[in-house]
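Protein chains in written order, with numbering that gives the first Met the number 0: chain H, 0 to 112; chain A, 0 to 259.
To be clear, the hints were calculated from the coordinates, so they are not data collected in a lab.
Be careful, since some hints might not be right.
[To be verified] Away from chain A, derived, C-beta distances all over 10 Å, residues of chain H: (1) K56; (2) T57; (3) Q60.
[To be verified] Computed footprint of chain H on chain A, listed as stretches where at least three residues anywhere in the stretch have a Cβ under 8 Å from a Cβ of chain H: (4) 38-47; (5) 59-66; (6) 100-111.
Here a beta-carbon is modelled for each residue, glycine too, at the ideal position from N, C-alpha and C.
One-letter residues, chain by chain:
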Amino acid sequence: MLRASSETHDESINLDAVMAGGAAGEIEFATELLAFAEAIVSGEDHTITIARDQLVKTAGQDVMVDAAGVASNFQRMVRIADSTGIVLGPMAEVTSDLRESLGINSFANRSSV
Amino acid sequence: MQAVNYDDVPYSLRTDFAESHTRFWQRLQSAGTWLTAKQRIDVATAVREAADCEYCRQRKLALSPHALVGQHSDTTNLSPLMIEAVHAIVTDASRLTRTWYEGLLQKGLMDGEYVEIVGTVVSIVSIDSFARALGVALRPLPTLDDVAALGNTQKTDKKEPNRYQPKTVEASDDAWVPMLNAENAGTPEADLWPSGKTGNVVRAMSLVPDEVRTLIDLSAVHYLEMKSVRQPGVDAGRALKRSQMELVAGRVSALNQCYY
Numbered sequence: 000m001l002r003a004s005s006e007t008h009d010e011s012i013n014l015d016a017v018m019a020g021g022a023a024g025e026i027e028f029a030t031e032l033l034a035f036a037e038a039i040v041s042g043e044d045h046t047i048t049i050a051r052d053q054l055v056k057t058a059g060q061d062v063m064v065d066a067a068g069v070a071s072n073f074q075r076m077v078r079i080a081d082s083t084g085i086v087l088g089p090m091a092e093v094t095s096d097l098r099e100s101l102g103i104n105s106f107a108n109r110s111s112v
Numbered sequence: 000m001q002a003v004n005y006d007d008v009p010y011s012l013r014t015d016f017a018e019s020h021t022r023f024w025q026r027l028q029s030a031g032t033w034l035t036a037k038q039r040i041d042v043a044t045a046v047r048e049a050a051d052c053e054y055c056r057q058r059k060l061a062l063s064p065h066a067l068v069g070q071h072s073d074t075t076n077l078s079p080l081m082i083e084a085v086h087a088i089v090t091d092a093s094r095l096t097r098t099w100y101e102g103l104l105q106k107g108l109m110d111g112e113y114v115e116i117v118g119t120v121v122s123i124v125s126i127d128s129f130a131r132a133l134g135v136a137l138r139p140l141p142t143l144d145d146v147a148a149l150g151n152t153q154k155t156d157k158k159e160p161n162r163y164q165p166k167t168v169e170a171s172d173d174a175w176v177p178m179l180n181a182e183n184a185g186t187p188e189a190d191l192w193p194s195g196k197t198g199n200v201v202r203a204m205s206l207v208p209d210e211v212r213t214l215i216d217l218s219a220v221h222y223l224e225m226k227s228v229r230q231p232g233v234d235a236g237r238a239l240k241r242s243q244m245e246l247v248a249g250r251v252s253a254l255n256q257c258y259y
């Protein structure tokens, strides 16, 4: 979905940034957004404060608030997938090459364990 | 009814965050499909206690987390099975297994109870994560006084779990838990995915349809309306462009080692 949405916005994207952090291509405020997302997952208040302040300074408070909303939404979605053991279904074949190249297949598929 | 507000947040905030969180708080202090209001609030309390649970911390460090024997830190009245489910989903979800899930059922947890626990846990995790991201205290949970006050205004059939099970639910190889068929047109659950088909992550909690309705409600505010999720050009008119949303979503998922 990241690849498709960046194509829609005519932005180049380095998908490896999703897996490993770092430069994400032409997405605006990518560095600050990634740092904020990483801080939220860490759960460390001091780290979150630094990343939040930097994102507000660079992109503004509305961007920060929306990023907080999206990040916290996916703190939920990953746990739904992990705790119910769902399979990818038809998406598995469609995204097979991309998942292999990014290393997503190294994560356990809950349905198979 | 206790409303959620973010008046202490030093940033301008869309009002729909507080509104959707208040709707969830209202659900939390009402009987669910499988859990009583008190149990639902206890699940929420246990989510917060899991963060400081020494047994969870030790399991997180262990190579085989479910081989470790110990006791969770817990002040609630939930059963040990429910507490195990809550703490494991909060602290080590990426290492849950079908064997672990089936073990809970064999020891007496109902699959409907489990799915309602999942729905309650993940909602609290998300709402609490949002508060931490904004740098404010976790919102106070509803109390038993709130439950009593709400109970006095509710119809009798809303005070106790009704254990409703959709007729078209079935076990399959698509998940550990039973789910509704993806094709649900013409059923009482047709509102869950009006397009007639959806991804497994939305179907995952459909054994308890109200958990999917909560997911839809909260996700529409935090992220996107379900109908827009598979349309990569839709931005929802937010401050974040869609590609920025997906960058954040992807990084959070990767850090949580989410295969899905």
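Check each numbered hint from earlier against the structure, then list the numbers of those it violates in ascending order. Violated: hints 3, 4, 5, 6.
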